[in-house]
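Could you use the hints to bring the two separately framed chains together as a complex?
Protein chains in written order, with our numbering: chain X, 1 to 333; chain G, 1 to 344.
It should be emphasised that the hints constitute simulated quantities derived from the structure, not laboratory data. Since the structure is predicted, the reported quantities are computational estimates derived from the model, not experimental observations. Glycine included, C-beta positions come from ideal geometry on N, C-alpha and C. Take the hints with a grain of salt, since some may be wrong.
Stated by the list, open to error - Cβ-Cβ distance ranges computed for the label pairs, FRET-style:
| no. | chain 1 | residue 1 | chain 2 | residue 2 | range |
| --- | --- | --- | --- | --- | --- |
| 1 | G | His252 | X | Glu317 | 26 to 32 Å |
| 2 | G | His252 | X | His307 | 41 to 47 Å |
| 3 | G | His252 | X | Pro151 | 49 to 55 Å |
| 4 | G | Pro325 | X | Glu213 | 50 to 56 Å |
To be verified - Calculated lysine-lysine pairs in the BS3-like style (CA-CA distance at most 27 Å, straight line):
| no. | chain 1 | residue 1 | chain 2 | residue 2 |
| --- | --- | --- | --- | --- |
| 5 | G | Lys188 | G | Lys267 |
| 6 | X | Lys118 | G | Lys92 |
| 7 | X | Lys118 | G | Lys84 |
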Amino acid sequence: MSTELETAGETETMTVREALREAMREELRRDEDVFVMGEDVGTFGGVFQVTGDLVEEFGEERIRDTPISEAGFVGAGVGAAATGSRPVVEVMFSDFLGVSMEQITNQMAKMRYMFGGKTEMPVTIRTTEGGGQRAASQHSGTVHTWFAHFPGIKAVAPGTPAAAKGLLKSAIRSNDPVMVFENKVIYEQEGEVPTDPDFTIPLGEASVEREGEDVTVVATQRLVGETLELAEDMADEADLEVIDPRSLYPLDTETIAESVRKTGRLVVADESPLSYGTHAEVVARIVEEEFFSLDAPIQRVGVADTHIPFSPDLEDEVIPTGDDVREAVDQVI
Amino acid sequence: MPPIDMGTEEGRIEALRRMYRIRAFEDAAGDLFADGELPGFVHLYKGEEAVGVGAAAALEPDDYITSTHRGHGHCIAKGLDTEKMMAELYGKANGYCNGKGGSMHIADVEAGMLGANGIVGAGPPLATGAALTAHRNDDDRVALAFFGDGAVAQGQVHEAVNLAATWGLPAIFLVENNQYGEGTPMEKQHNVENLSETAEAYNIPGFTIDGMDVTAVEEAVTEARKRALAGDGPTFIEADTYRYEGHFEGDHQPYRDEEEIEAWREKDPIDQFKQRLIDRGELTEDEFESIREEIDAEIDAAIESAQQADPPEPHEAYEDMFAEPAPEIAQFAELPRADGGDRR
Ligand SMILES: Cc1ncc(C[n+]2csc(CCOP(=O)(O)OP(=O)(O)O)c2C)c(N)n1
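One chain only, chain G, in its complex shape (with noise of 0.2 Å):
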């Protein structure tokens, strides 16, 4: 996929595109999760769209990020395949992990996503090591780690944080404050107003910005990568965005209701972006709407090759362990199985 100019008609566009591919691709995601054809958990971005596509924007190709289980957006944003992730959600052979990882494991390690993660707070110290790797072979690259507001109140985000203020390594640390971790509101999670006073205490940069706005992330962004390819350290955002469906699929959400929903719904930040657009000149409805179609007909052709791809073969579960594989794995592979059948 292109890298998205935001300095340009096109790159605008692109940027456009990809936040309505989230949602696509979510909207799928989450009515096949209502089937019963998606196994497992489903975290759904739905809202949080510029803030993945705002930071993908304002980054290189190769620059390194680190996820959440609330991924989908991420990979999107930087770029991920629809047909693979759409295939990993259904466990398939074909899929980014090979079926090993699912909706909230999806990796692409050499396209410079490092997971989207399953344990909250993990992914910041994952983007201070990469960014570690950045600084030590001197090759311009960033690691950018997304994480939520209630990952803010980890230990180990802290340690990340700090370890890379005081190496000054070239990272960013941009927090998704869509105001819950899981049904808790942030006031109930942090003793301050703003998280990204969090900054103060490692003497870097801090600021808030508005989450719902491509723009105002893509240029918070940008600013914290010339920081960081400068060699003053890291900067700490916090970007204010909210999720419109449940913590999860299925979520009853006894702790919000659809008037706050709707009041943020108001600032959606696809059609906020749409309409600056349409304003300027550079995109009409009509453009937008065969956008619309083409990236609808995509995610359906995901869905359908998913739906008819592979699975994995059982022995595949005693394979990708190690790049060396120890005997005690390798042993299974060749057992048969309890129910008779063949492994191979």
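Only chain X is shown next, with the shape it has when bound in the complex (with noise of 0.2 Å):
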């Protein structure tokens, strides 16, 4: 269990979803400045029913459903932004945030700097990723990288639904513009969430979700649940450090540095594609910083460099799983 949650008072059973329109309810309630919109926040409640009932206490005034237009409306976000609003925009896939990239790295990305820091950008955008629904290759793309690796942008990916709120209130609550990667299969996934509107998770802090012994992995969104099962399953074997890096820039390096001191092997998993992505940063960085701590060679999974595929049995072929963890953990030990 995380820190976090041992010093954060009562707590509730929730899902991810509901941790996330928590997340969002308080914001609201608390700064009039914050809004959400996107398309079918309002009464559809969110293709993920993630909004679900916002606009019933808050109206369309807050909970505003956009014309489906990612370009117009994420740099709707940015102005907004800009003048003083904190606007947190859906975006329904992540696969379409291509179509306001425009936005996102000339504009929202860029304006802070360029201004010479003369303005804020409290923006956030909060979108889906990730296979499993056999979707094909349009609606299950996990393309976190693109933004973690473009500068001016923060970026977090939580794990479990305590992460899920903690999260998006500081995103939500940030002066920067942080863009929120929610694994879609994991929106029903429970665990214990603090109800203290207070409680946040600060940008850049990873979990130590389940401390151990002989291999760090770290592991993001569904892949931390499914290794943390694994670790369980594996116990005889292995003692498993996980740790939940939850967010991907800034990233807590020291943690991750900390914990591959102890066990001198890690195993980095994370649903994206393999090459020049987010396993290769960590990995980066535990090679500057930990080279002389590791007993292996480090091992990434992902996905291979394929889009993802329809066919649920090419689907589960290239999706990683707990099973994918459990064979880059034998590489290592």
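Shown next, in the form of structure tokens:
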């Protein structure tokens, strides 16, 4: 259990979906400048029902359905943020972010820097990632690397309900642009979530979800839960330490490095293409800082450099699971 | 700088001063660029002064504007300070963007100037967002997007207009039709006679006006602003105008001839308006001369100040990324430089 949970007071069991919705509900109540916009976020409740019934409490002015025009409404979010609003913009599937890429990369990410620090950019972009729904390549991608790579954007990817709530709240409160990547197949995953409206998780802090002596597994999103299960299954063979980095940029190198100093072994598991990606960044930092602590070559678990196929047989082939993490762990011990 | 009230003699003189300030600033910028003094690209607005100043005259000081790569005129019209602008053109630390933006990105968010912009068509969504803030806060502000005829072909411009129209936001979309997008004439980029026809698709008012006439622009934008504040949504205005200089400084302009430029110069916005004020007995040639001298001296002083200003320190390259800095960047400020020098 992560440290925040131990100190956060009362908790309630909720799903990732409910945790995200609670985060928005609390921040909408706390701050009039916060509003939510995106396709079908109002009465429809969002295609994954994450915004749910928010429109009933906050009305259509604050839970705004947009036309289907990502460049337009993401850009409007950027303009609204530059003028003092705190928009939470939902982009239905992360695969569609490309449509609004200009506003994200050249406007949202660069405005503060190019203006010499003389604007804030308190915009949050929430989007869904990941395969497993037989939705084929255009609705299954995991693209967080693009944005974690791009200077000027903070990027988070929660793996537990508590992280989902705490990180989304920090994102909304942040004066920097933050993209929140939600894996869509864990919306139903349950866990303990602090109910205190002041509970947040700082951007840039990893969580040690399970302590262990033998192998450090850095896992993200859905793979956090699957790796925790694996750790219990494998308890007789190896004692896994499971870390959810939660925040991809900034990335908490120190927590991972400290773990590697203890275990000497590292597996990085993230549902994104393997080349040039999130895995590579974690690996590079550990090689730079802890090369001499390593007792075995590092292993990466991710998507082969393919798109996500439609056929269930093919999709199951390419999407990484706990079994793939097991194979990688076997390689390093 | 004082707001411009075109209903008063003082305001009209101020409009003329501001148009001339743009002209003088840009004459200087063109010369400095030719002399190799200014780094980067410089896109001049000369010829289009009536659009920026006419629009600014119709706006209140705390209204928002978004601008383009050709943004000097919009900045000056909005009342930005030429000394800080010139410093930015030189890439100096005391420029509007601490030397991180340059000619193409001058911004003063506090003054409602949400940035010149290096991306054609990127401003309108930002203006829609600023209009959304104004609408949400119910604070009697509007947001006006300046953009070029070329930008009207960009998808995100239409998304922005549709969004603002659908939501009834206090936005004004003002196309500066200077007849060319880089070197390609307007008629090769669009299949309509008037770009204001765009408005029809969004069921908002659209009209084409004489963009060489500061009064015509002021009147159109005043009308649009009234509509916006009454909750009647955006207006789409096309101002016909012309840029005297090349697309960027150094453009050899194979796409047009001197005759065409001369024909437009006949309608020069500054000469026209000056003459009108003289005819009405509100200004004499002598008075205009002293306005010129005063502004020329202001620009000379801005140049001298910019030349003498300090450049940014190397470590500033790692600053201004985030409100709450990321350790990933902060570390670079501490590293020794490749050339052995000191960053701090
Ligand atoms: C998205 C994008 N495409 C291309 C360019 C290169 N470019 C800079 S200005 C320009 C022409 C713009 O024409 P217009 O919108 O009419 O504005 P004007 O230059 O006439 O003021 C082009 C193509 C750019 N900056 N951004």
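Do the hints match the structure? See the list:
no., hint, in the structure
1, G:His252 x X:Glu317: 26 to 32 Å, "57 Å, violated"
2, G:His252 x X:His307: 41 to 47 Å, "45 Å, holds"
3, G:His252 x X:Pro151: 49 to 55 Å, "35 Å, violated"
4, G:Pro325 x X:Glu213: 50 to 56 Å, "35 Å, violated"
5, G:Lys188 x G:Lys267, "24 Å, holds"
6, X:Lys118 x G:Lys92, "16 Å, holds"
7, X:Lys118 x G:Lys84, "14 Å, holds"
Hints 1, 3, 4, counting from the list given before, are not met by this structure.
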